[in-house]
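Undergrad: Each chain is listed here by its residues.
2 protein chains.
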Amino acid sequence: MGSYTNAVVRDQSGTSNGGDGGVAVDKGVDFANYFCTYAFLYHQKEMLSDRVRMDAYYNAVFKNKHHFNGKAVLDVGAGSGILAIWSAQAGARKVYAVEATSMAEHARAVVKANKLQDVVEVIEGSMEDVVLPEKVDVIISEWMGYFLLRESMFDSVICARDRWLKPTGVMYPSHASMWVAPIRSGLGDQKSNDYESSMEDWYRFTDQTKNYYGVDMSVLTKPFSQEQKKYYLQTSMWNNLHPHQVIGTAATVKEIDCLTASVSDILEIRSNFLSTVTLQNTRLCGFGGWFDVHFRGRKEDPAEKEIELTTAPSVNDGTHWGQQVFLLDPPIRVSEGDKLNASFSMNRSKENHRLMEVEFGCEIRQYSGELLPPFRNRYFIE
Amino acid sequence: MGSYTNAVVRDQSGTSNGGDGGVAVDKGVDFANYFCTYAFLYHQKEMLSDRVRMDAYYNAVFKNKHHFNGKAVLDVGAGSGILAIWSAQAGARKVYAVEATSMAEHARAVVKANKLQDVVEVIEGSMEDVVLPEKVDVIISEWMGYFLLRESMFDSVICARDRWLKPTGVMYPSHASMWVAPIRSGLGDQKSNDYESSMEDWYRFTDQTKNYYGVDMSVLTKPFSQEQKKYYLQTSMWNNLHPHQVIGTAATVKEIDCLTASVSDILEIRSNFLSTVTLQNTRLCGFGGWFDVHFRGRKEDPAEKEIELTTAPSVNDGTHWGQQVFLLDPPIRVSEGDKLNASFSMNRSKENHRLMEVEFGCEIRQYSGELLPPFRNRYFIE
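Taken in order, these protein sequences are the chains called Y and Z.
Everything in the first sequence is counted per full-length UniProt numbering, starting at 1 for the first residue and increasing by one.
Everything in the second sequence is counted per full-length UniProt numbering, starting at 1 for the first residue and increasing by one.
None of these hints come from the bench; they were simulated from the model.
Sample of chain Z residues at the chain Y side, in silico, Cβ under 10 Å: (1) Asp30; (2) Phe31; (3) Tyr38; (4) Met47; (5) Ser49; (6) Arg51; (7) Gln89; (8) Ala109; (9) Arg150; (10) Met153; (11) Asp216; (12) Gly322.
Virtual Cβ for every residue (Gly too), placed ideally from N, Cα, C.
Kindly generate the complete structure, drawing on both the sequences and the hints.
TA: This is how it looks when you write it as structure tokens:
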């Protein structure tokens, strides 16, 4: 054996038993697959070093102190406790910082080192199990995964909101949206080559196994090619896209009001969108997906200063979320004025409710009026 | 968030709840952490492309057909089924190929493609649960992990042996041993630098967090440095050592008779060993660990041709197991004739019974007679 290693990119810890959305999830498996990562200070540091992320939350809190001053606040997934600490520094009367991993212990130390132990109470436990002594005025959380919904952490925020937010309470962030846009990229050619050479390698392998060891493995060629296609071409990729790589108008495929959204609203995302190519004679190499969140307070109790956190392609303001890239293989020649009539859907993976399966369907009407053959591709966000 | 990813080296899926050896293990967690990897054809191909591994098993079977001819064979952890197929090709009457992952389906296809479906029965299930219609004459299995015992898969072979091997039965392989030797390597300097720059980075980070965001995180400096030390310097590394990097005599720290060994024999490995430096004026940069297994049959029913599979440092016969390197930071100047009086111990990690914790203690008496200050270091095999 000796092929089992924690450092293998292909080691998809994506084998949680069941949990296709609402369904119950084995907590031990979920912890092994998911939470454990956040128990590393290295990862906390990564997130705390994301200036775009930090500035947005920092400004959201300190430019809207009226939402925090004298209030009770709940921080869902507190990690090292920074949001809870900011809430306290902004005048909160009490902050409950709920963290599922052993990072809670470090959060407690940071809170104490910043002399806020009388205000911030760190609770180690999963949000679904925690019992608070009171309802809160504000729920603050940094729950966003790649392309917003990966990790399905918003479920826990919804659970916290329904159980612990006062009827007059405010959500931080208050709104979220998912964006997609047609892109050009060299990644597709690269991944396509990787796939090809991986298959050539496979054919060498089956020949050798037959010739040296008398066993015909060629019956596995199809499943192997499927496995490799999925890995190289159907798995979305993290990428920090340059705005120039976006070749058409971006479209919103989902808008979430964090105050009212239910789990069933995010279990499945379905949307049709239009996009117009804005570049002369280029290649449609796939789609980019990203998100933004907004801190607007609540209609009856709005933010004094609205803050936006966007993970859109940017030259100077990239985030650790980057964008998710869904490749088209082979690319399609398009040009300015061509119209994409597209459909998007996203569901949770059956094997791991924190991972996603995506489908893009697209019909392209060229500026000339000619209709290109439509395509429909499935992708996996792992 | 968005720091959770299946492709992160630091993502230690090592959070199985309990299972420090004998203790029961959550099967869902164990599957998510361990078995899932072997469900990928890519990994099977990796192992099937290891010529040293393949040749050893191939020769063990076909140069000892008398052990297989007309016999009942059990293949533990069959993967793609190659050992089961060889056993059948060597004349086995019946082969039970037990595989815990969905790879069983592929194994079934390969068996059929090689027209052995009447002899080889592929059973998808964990060895601990499987019930066979008869006892077997041979148990064949490739159960070895890095440094032999990582993965703790031999437990399942022992279980299979105690339940299903005839009193006259034969184990393939029949014996195994673990080796250690003092080595020189540039890896230590590299990892030591990585650790240093990671800490410099951390200090920049805490300064920024204090100055820009008003939160003092310096209380986490010690736990962060411990986390990084563990990651860079205390975690053993896969390496394909050149024989010239071995600077002293190698020693056996464990010998296993696969026919008689019990789980309690391998839960904890303890050994004292001596090694003499064989190189003039060099650096002791740590220890290398590897293993070999032997196919000797059984005393009353020996192999006609004994086969050895070794993963020792080699110029041309490297394996996918490589060697595990345990670094010494800083290195120690040693020279020919210096005597190492060392102790070795290995236990299973409390968090994940398939991972290991190792300790090396060492006292060096120089050829001159002078005694260097002793050291004792802990390592993690992840």
